[in-house]
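Colleague: Respectively, the protein sequence lines represent chains F and S.
Here the numbering used here is used: the first residue of the first sequence is 344, the next is one more, and so on.
Here the numbering used here is used: the first residue of the second sequence is 29, the next is one more, and so on.
Please keep in mind that the hints were generated in silico from the structure rather than gathered at the bench.
From a predicted model like this one, the values you see are computed outputs, not experimental measurements.
Where hints are given, some of them may not hold.
Label-pair distances were calculated between CB atoms; the ranges are [stated by the list, open to error]:
| id | chain 1 | residue 1 | chain 2 | residue 2 | range |
| --- | --- | --- | --- | --- | --- |
| 1 | F | 573 | S | 44 | 53 to 61 Å |
| 2 | S | 80 | F | 506 | 30 to 38 Å |
| 3 | S | 52 | F | 467 | 55 to 63 Å |
Subject to a maximum C-alpha distance of 20 Å in a straight line, what follows is the list of computed SDA-like cross-link-like pairs (lysine to any residue) [claimed, not checked]:
| id | chain 1 | residue 1 | chain 2 | residue 2 |
| --- | --- | --- | --- | --- |
| 4 | F | 396 | F | 378 |
| 5 | F | 405 | S | 64 |
| 6 | S | 179 | S | 147 |
| 7 | S | 51 | F | 415 |
| 8 | F | 397 | S | 51 |
| 9 | F | 397 | S | 179 |
| 10 | F | 397 | S | 67 |
| 11 | S | 51 | F | 525 |
| 12 | F | 422 | S | 138 |
| 13 | S | 51 | F | 511 |
| 14 | F | 396 | S | 147 |
| 15 | F | 405 | S | 179 |
| 16 | F | 396 | S | 179 |
| 17 | F | 422 | S | 179 |
| 18 | S | 51 | F | 381 |
| 19 | F | 428 | S | 47 |
| 20 | F | 405 | S | 58 |
| 21 | F | 502 | S | 43 |
| 22 | F | 422 | S | 61 |
| 23 | F | 422 | S | 147 |
| 24 | S | 51 | F | 405 |
Virtual Cβ for every residue (Gly too), placed ideally from N, Cα, C.
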Amino acid sequence: MSASAELTSQEYIRHHLSNLTVGEGFWTVHLDTLGWAVFLGFVFLLIFRSVAKKATTGVPGKLQCAVEMIVGFVDESVKSTFHGKNPLIAPLALTIFVWVLLMNAMDWVPVDLLPHLIHWTTGIELSHIYMKPVPTTDPNITFAMAFGVFFLVIYYSIKVKGLGGFIKELTTQPFGHWSLYPVNFILESVTMLARPLSLALRLFGNLYAGELIFLLIATIGLFQLPVHFLWAAFHLLVIPLQAFIFMMLTIVYLSLAHEDH
Amino acid sequence: MDINATLIGQLVAFVVFVIFCMKYVWPPIIGAIEARQATIADGLAASDRAAKDLELAQAKATAQLKEAKVEAASIVDTAKKLEARIVEEAAGKAQAEKERILATGHAEIETERNRAKEELRQQVAVLAVAGAEKILERSIDAAAHSDILDKLVAEL
């Protein structure tokens, strides 16, 4: 479903990978990805809050059952990995799991559906419409969440072990001799920094690649329909798996931050 | 891949959403789940207890039934023995009664016979005297010959 005849496939793909932006330089904001991210966050919170308000300890309704299944699943995941007592970890894991799942699920929205809808409702030229609806294909989104987790890891490391304990953990291992402490510090810092980086890039990479393939498929003409179906079916695995990995690694990093050596 | 202010916006949204979830979403839902789990566990324990109670009650009922059967059998047995004894006693009594009545009857018959005999004897004496009077007519003095007559009467 090529947007218009004049576009080459290269231009078509580049067009679809461009964000709707406001602002200049660093103060640019991607209105489409950030907007969808916030919208999906509200969808998540509205559904879960409506259930939480009416939560009954008796026989639950169908929506409450569904929500409780997700909450129970997250609670199990947290309890199997994190053994301390921290009221933040489980809600954090729930927010990450459901929110990332919803953001990833935007991958299933056909790539030309939203631009065409906007074109039909507002009459704006298709070539001027920029709409990237999958927030997790935007590194800003994934890095923001990874940094959020990273700050929490550092915060709890210092809170649980003390500043001295945290520094000691960064410098006194793996090598025990004092002359090798700088080497230890470099190694541990790389380990530390690799966590948010890998967290953000894994999610971004998987979803960006998925989106790119959807766009490539969209350029091949009539045969795109069965191929689209196959690729979308494959994303039944990718989308929840990436959300689960992000949640699970968050729990693991935070439980490591709570462990005193 | 350009990093820009979108990251800050998303970070703020992330923090706000997590705080909201922690304050208003997670506690009521997990509370409801845990309360229901407790209720279900209680219910299962209660049903287990009830099943055990039922088993116990059934065993008790069976034992009581058995006891009652034994008791009933013993009562029937006693009753049969009693019946046999009563029948035996009654038979004995009846036999004794029969014998007594028979004896009385015999005695009465004897008395009656004796009385009749006596009467007869006396009447024979009178008849004999009357007869002798007729035969002998005047020659015989009743008073003078009464000793002979008495002797005759005694021989009857």
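Colleague: Failing hints, ascending?
Modeller: 1, 2, 3, 4, 9, 11, 12, 13, 14, 15, 16, 17, 23, 24
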